[in-house]
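Undergrad: Now for the letters of each chain:
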Amino acid sequence: MKKIVFLLIVSGVSILGFSQEVNTGEIHGNFDLNLQSYQEDLQIGAEAADEVILNNAYLNINYTKGNFAAGVRYESYLNALADYDPEFKGNGILYRYATYSIDGLEITAGNYYEQLGSGLIFRSYEEKSLGIDNAMDGVRLKYSPLKGMRLKTFIGKSRTHFTYADGIFRGVDGEVNVNDLFSCKTKTKAIIGGSFVSRYQERENLIFKIPQNISAYAGRLNIIRKGLSYNGEYAYKINDPSNVLSASKMNYASGNAFTQSISFSKKGFAVIAEMHRTDNMTFKSDRDKDGKAYLINYIPTLSKPHTYSLLALYPCATQTDGEFGMQFDVFYKVKKGSLLGGKYGTNFNFNYSRINGLNNGSSFLNDDTEQAPMLISVKGEELYFQDINLEISKKINKQVRANFVIANQTYNKDFLEGHVPGDYGVLSSTILVADVSYKIKKGHTVRVELQTLKSNQLENYSEHGGIYENGMEEPAEGDWSMALIEYTISPHWFLTVQDMYNWGNENTAKQLHYINLNAGFNKGANRFSIGYGKKREGIFCVGGICKFVPSSNGFSLNISSSF
Amino acid sequence: MKKLILTIAVIGIFTTLSLSQNRTLPSVEVKTLDGGNINIQEIENNGNPIVISFWFMQCKPCLKELNAIAEVYEEWQDETGVKLVAISIDNARSSNKVKPFVNANDWDYEVYLDPNKDFSRAMGISTVPHTFLLNGKNEIVWQHKGYVDGDEDELLEQIEKIVK
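Residue numbers (our numbering), protein chains in the order written: chain A, 1 to 563; chain B, 1 to 164.
Okay, chain B solo, but in the shape it has when bound (with noise of 0.2 Å):
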């Protein structure tokens, strides 16, 4: 009983936190695709909504995913000013590759690798593709799972949704 009561309090106590405020991102690094280190709270757009897209090379939804909205990515920056930043969680060894197959691919966003699955496991993913997107105070509003085609017109409602 008093085990009850204790779990009880705790989960109170950590729902009334987790409740009072908005998602933000968690201070954990990533690297860059130069061999780099960055802090991912850093990233920034001037105010105007991120997207966050974990993926990895051999996920062939998260490739129709990114592909899909890079057709469109000049529009929906000029559009709303949004900017996308690519998490490869491609691991150690095979995260060498990134870099030349980003550039192949002719994308033009940001990309980070997070090798050890530091962020991944901070955001809570389980499965990729797994989209975050973040209003201009990088305070996460909406999240997706998953892709079939035609999901970058729903991320795209929801980034209007921000900026109006």
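Same shape as in the complex, but just chain A (with noise of 0.2 Å):
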């Protein structure tokens, strides 16, 4: 042990000496902390923590020299906070790896992630916003060996909170560039690829043959033509039964995707359409295990992502189970000196999403159910969510810009949040936005924020009277409406202030402001934000993967740094 202390000390030395000529490598990495503490607030069911305060951390560090990197990442829920899986729990290096590359060859050996084409038959990712890390762990490589084509293979297992899933993940990827491995300068480009994925896991069931090997492949194209563009991909898995002894409970059909979009685009203008179908394609790392950790495909929905808070109030949440969507859009750049683009032009954004079931549901115990039409199914469907909404944003003077959005949203809030059909039934809200930002003096800037919802109930509703099972009445949350001012110091300061009010809550106990106060102080690459309010319970999704987020009341404090 000395010796190698030693022999480490020689070495720092010898490293320090030469650090003038030669290329030692470099370290960096960044810092987080998320802290909260939680009150009860009895008003909007907030539950105090025993621990008072949870806390999050995490810090990342790489070294890299040359063709060569190598890293960890620490982490620490002490404890997790109450929007994480309280599996989160306790400190560890959960994450290292080591890679190189030479001569076209990339090998990875420990932790990483990857995704295969867009992700519908094999994503492994992080979003520590909503709590998913499913890195793999094992070996992957990567080889270009002409100009044009690309090949990936890897072997491992699925990250889950502080362990790893059951199922081991043999996965192969190739991607051909048409054009540039036939080197043809035509105007048309053509990127063709395909994928396959096999999951093992034991089998263990006594009574049934359940397949151990679970296969799932994939293959896409993208074709490009001056601003025209189409990618399509297309995925099938072999049948996936969970483990369970009763033959009715057991579903053997087999799942597919296919998802579809075409582009056109010239400057200031673009259109898009996009379709997808899914069904029956939830693929996990463990078969009998539920929730997002043991995801390990990853199709998101086709609706628009607000980020203004009314209109991200009721999100769309993908039903990998089965669904059909799709979406249009269209980007217009009103030009400078034209009657609506005035002195400094004018941005459009007009968005449309549907998303519905397929008809006859989605395929359960046999491949046999009648789905025709196969492919575009959308009448008489059971509504999901459909979105229309339109977005102008302008810069009036050199003072003041402006935003503003208008959108319809259907939200069949029973089946997205799996209540009994009839609870609460299908709403349909109209949502109105303003943000106009206003420059005082140089760096000063302050923003105000309107925001109004209101909602309708359209269908089941009365017919139920809203009655639960067991005999609650449950009434509607009805309208909202929401201010914000910001005020911002560029370039260190911030400081908003906001109120989301339930003014039209059916019942009048819960017509309650949830009032948050923010500040922030940035510079460089460090970020310190303060906060304190309440939340509303509700649901938070990046990409139609969401998570449910509890009621909060306390304090909160982030720390954000990078080196």
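Possibly wrong hints are sitting among the right ones.
[To be verified] Taking beta-carbon pairs under 7 Å as the criterion, some of the chain B residues facing chain A (in silico):
#1 Ser-27
#2 Glu-42
#3 Ile-43
#4 Glu-44
#5 Asn-45
#6 Lys-60
#7 Ala-92
#8 Asn-103
#9 Asn-116
#10 Lys-145
#11 Asp-151
[Claimed, not checked] DSSO-like, lysine-lysine: derived pairs with alpha carbons at most 30 Å apart:
#12 A:Lys-398 - B:Lys-60
#13 B:Lys-64 - A:Lys-267
#14 A:Lys-147 - B:Lys-137
#15 A:Lys-333 - A:Lys-441
#16 A:Lys-343 - B:Lys-137
#17 A:Lys-226 - B:Lys-137
#18 A:Lys-89 - B:Lys-117
#19 B:Lys-64 - A:Lys-395
#20 A:Lys-398 - B:Lys-117
#21 A:Lys-335 - A:Lys-395
#22 A:Lys-128 - A:Lys-547
#23 B:Lys-31 - A:Lys-128
#24 A:Lys-226 - B:Lys-60
#25 A:Lys-442 - B:Lys-161
#26 B:Lys-64 - A:Lys-441
#27 A:Lys-267 - A:Lys-157
#28 A:Lys-395 - A:Lys-454
#29 A:Lys-209 - A:Lys-147
#30 A:Lys-267 - A:Lys-249
#31 A:Lys-292 - A:Lys-89
#32 A:Lys-142 - B:Lys-60
No wet-lab data here; the hints were simulated from the structure.
The beta-carbon is built from N, C-alpha and C at its ideal position, and this holds for glycine as well.
Put the two chains together into one complex; each comes in its own frame, and the hints tell you how they fit.
TA: Here you go:
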């Protein structure tokens, strides 16, 4: 041991000596701390935490030298924030890797993140805000033997909280850029790709011979010609029944998903049309476990991910078990100097999305479900979500900028939140947002945001009278308004006050204000912010993957730093 | 105790390593908007400064920053020769929309995609927007997290410092 220490010190000193001439590599990383206190607030249903304060923290350290890189991440959950899975508990180095590349071959051992195609059959990623980290642990090889040809293959287990799921994944992916490979300089470019993934999990069922190796494969195509672009991918997964002893509870249907998008764009204008269809396409790292920690593929929602709080009050989550979705976007920038454009131009974005169930439901038990028409089914299907919205942003003069949104959303609350049909029915809400910022003087800006949401119960509600099975009446949340004032002093300070007010709640005792105060300081690579206030319970989504956030009341502190 | 000495020794060596030279870009591949790949170390601007800005389509402050710079970009380029490289961290699905989105916004930036966040992780990004400034030798000399109105003025001051 002493010898090792001595050796390290000597080598350290010798490196120090040479550091002027030799490239000794670099160390960089980042640190994040999120701390929150939880006080009881019976009105909003917020619970106090036994620990009073909960905390998540991460430290990433990466070392790189030329084509070599290695790194670790230390994670600390003491204990995890209330919106995290309680299985995140304790401290540890939960991510470590080493990688190098030489002559077009890249080798990684340890942890890695990977996705094949658009993620229909496989995506390992981290999204700290959602509490998702399904990093792989194993080995991965990427190789580019020829210009325009890329291959990758991997084997590993997928992380769930502080451990790894049972399933072992083997994957391979190939992609060919036709124009690069055959050095043809046509205006039309084509990229073709295919991927295959297989999960091994030991069979433990005493009665049924369920498959131990579950394979999924996908093919994709991307064609580009000037401003036109097409993307399509089709995926298929063999049957993956869960380990139960009753045949009637066992789903032995296969799964499939299809996604495509086509877009046209030129300077100042773009139009995009997308669709996807997914049927029984939930792919997990353990056939017997539920929850987002075990999901290994990625099918995001086709609706626009909004950032204004009332637009995101009722967000859509993807139903990988079965849905059909479509979306259209038009972007248009009216030129400066025209009637609509004014002195600085005006931006328009129109967006329409619609998500519905499959006719006759998703495949269950077997592959015989009649789903005609196969690809596009919109008439008469159960509507899950619909969003029509128009956003206009405009710089009015040197001081004033404004952003307006008008939207109508239809939200199948019963289905998307897993209630008994008829509990809440379908919500239709109309939302208006005005966001205006005014530059007072150099560096000082005040911004005001006003939002309002008018909501209607569409169906089922009166029929069932909003009566729960236990006889409790569940009143509708009704209308909301929101106001925000933000004062920023560039480049260091910000202060925000906001109030969300549920003035239309049918239960007058729940017509509550949710007031939040936030302030922050920002300098170079460090950012500090503190907050105090009440948060509404609800669903928080990033790209169609959602988590439920409990209502909370308390202080928060965030520190983010990178070096 | 031995563990402690060992840790200190290791930390000592590593700090020595990192402090002894300027920060450079990692060797990581990003995607071009027409489906190709490029190692981020290959970006260049004839010895002039480069701004690297991490963003995604639904990030309001990111769009504010990129739109604010777009208005003065021509002036900045004339005065300092600077080039802005915008790195979209939109996921593999939404990254299909980045090219039309960039076109519609009429941005003259060099835009790359980082759908698996390999570049983003190597740069220690935890929140966006996150902006880096590179000198003419592609060494990172300045960085900034977040964006509030007027932050582009500070960025310009930093660019001017390099050009001087």
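Undergrad: Determine for every hint whether it applies to the structure shown.
TA: These are the hints, each one checked on the structure:
1. Satisfaction of the interface hint for B:Ser-27 is found here, the shortest Cβ-Cβ separation to chain A being roughly 6 Å, below the 7 Å cut-off.
2. Among the interface hints, the one on B:Glu-42 is violated; its C-beta lies about 14 Å from the nearest C-beta in chain A, farther than the 7 Å criterion.
3. Contact between B:Ile-43 and chain A, as hinted, is not supported at the beta carbon level, the nearest pair being about 17 Å apart and thus beyond 7 Å.
4. A cut of 7 Å between beta carbons decides the hint on B:Glu-44: the least distance to chain A is about 18 Å, and the hint is violated.
5. Contact between B:Asn-45 and chain A, as hinted, is not supported at the beta carbon level, the nearest pair being about 21 Å apart and thus beyond 7 Å.
6. Restraint check, B:Lys-60 versus chain A: the minimum CB separation of about 5 Å is within 7 Å; hint holds.
7. The interface hint given for B:Ala-92 is met, as the beta carbon of that residue sits about 5 Å from the closest beta carbon of chain A, less than 7 Å.
8. Among the interface hints, the one on B:Asn-103 holds; its C-beta lies about 4 Å from the nearest C-beta in chain A, closer than the 7 Å criterion.
9. The restraint placing B:Asn-116 at the interface with chain A holds, with a minimum CB-CB distance near 6 Å, inside the 7 Å limit.
10. Taking 7 Å as the C-beta cut-off, the interface hint given for B:Lys-145 holds, the closest approach to chain A being about 5 Å.
11. Of the supplied interface hints, the one on B:Asp-151 holds, with its beta-carbon coming within about 5 Å of a beta-carbon of chain A, less than 7 Å.
12. Distance hint between A:Lys-398 and B:Lys-60 is fulfilled; the C-alpha atoms sit about 20 Å from each other, no more than 30 Å.
13. The straight-line distance between the Cα atoms of B:Lys-64 and A:Lys-267 is roughly 19 Å, inside the 30 Å bound, and the hint therefore holds.
14. Between the alpha carbons of A:Lys-147 and B:Lys-137 the distance comes to roughly 28 Å, so the proposed pair stays at or under 30 Å and holds.
15. Proposed proximity of A:Lys-333 and A:Lys-441 is supported: the alpha carbons are some 28 Å apart, at most 30 Å.
16. Taking the CA atoms of A:Lys-343 and B:Lys-137, the gap is about 39 Å. The hint is violated against a cut of 30 Å.
17. A C-alpha spacing of about 33 Å is found between A:Lys-226 and B:Lys-137, which places the hinted pair above 30 Å, so the restraint is violated.
18. Annotation: proposed proximity of A:Lys-89 to B:Lys-117 holds, straight-line Cα distance about 26 Å (limit 30 Å).
19. A threshold of 30 Å between alpha carbons decides the hint, and for B:Lys-64 with A:Lys-395 the separation of about 11 Å falls inside it, so the pair holds.
20. Pair hint A:Lys-398 plus B:Lys-117 does not hold up; C-alpha atoms about 36 Å apart against a cutoff of 30 Å.
21. Taking the CA atoms of A:Lys-335 and A:Lys-395, the gap is about 12 Å. The hint holds against a cut of 30 Å.
22. Annotation: proposed proximity of A:Lys-128 to A:Lys-547 holds, straight-line Cα distance about 11 Å (limit 30 Å).
23. At roughly 24 Å between alpha-carbon atoms, B:Lys-31 and A:Lys-128 fall within 30 Å of each other, so this suggested pair holds.
24. Taking the CA atoms of A:Lys-226 and B:Lys-60, the gap is about 28 Å. The hint holds against a cut of 30 Å.
25. Proposed proximity of A:Lys-442 and B:Lys-161 is supported: the alpha carbons are some 20 Å apart, at most 30 Å.
26. For the given pair, B:Lys-64 sits about 18 Å from A:Lys-441 by alpha-carbon distance, which is consistent with the 30 Å threshold.
27. Under the criterion of a C-alpha separation no larger than 30 Å, the hint pairing A:Lys-267 with A:Lys-157 is inconsistent with the structure, at around 45 Å.
28. Note on A:Lys-395 and A:Lys-454: the hinted pairing holds, with a Cα-Cα distance of about 28 Å set against a maximum of 30 Å.
29. Distance check on the hinted pair: A:Lys-209 and A:Lys-147 sit about 45 Å apart at the alpha-carbon level, beyond 30 Å; violated.
30. With a CA separation close to 54 Å, the supplied pair A:Lys-267 and A:Lys-249 exceeds the 30 Å bound.
31. Taking the CA atoms of A:Lys-292 and A:Lys-89, the gap is about 17 Å. The hint holds against a cut of 30 Å.
32. At most 30 Å may separate the alpha-carbon atoms for a hinted pair to count; A:Lys-142 and B:Lys-60 exceed this at roughly 35 Å.
When the structure is compared with the earlier hints, violations turn up for hints 2, 3, 4, 5, 16, 17, 20, 27, 29, 30 and 32 and for no others.
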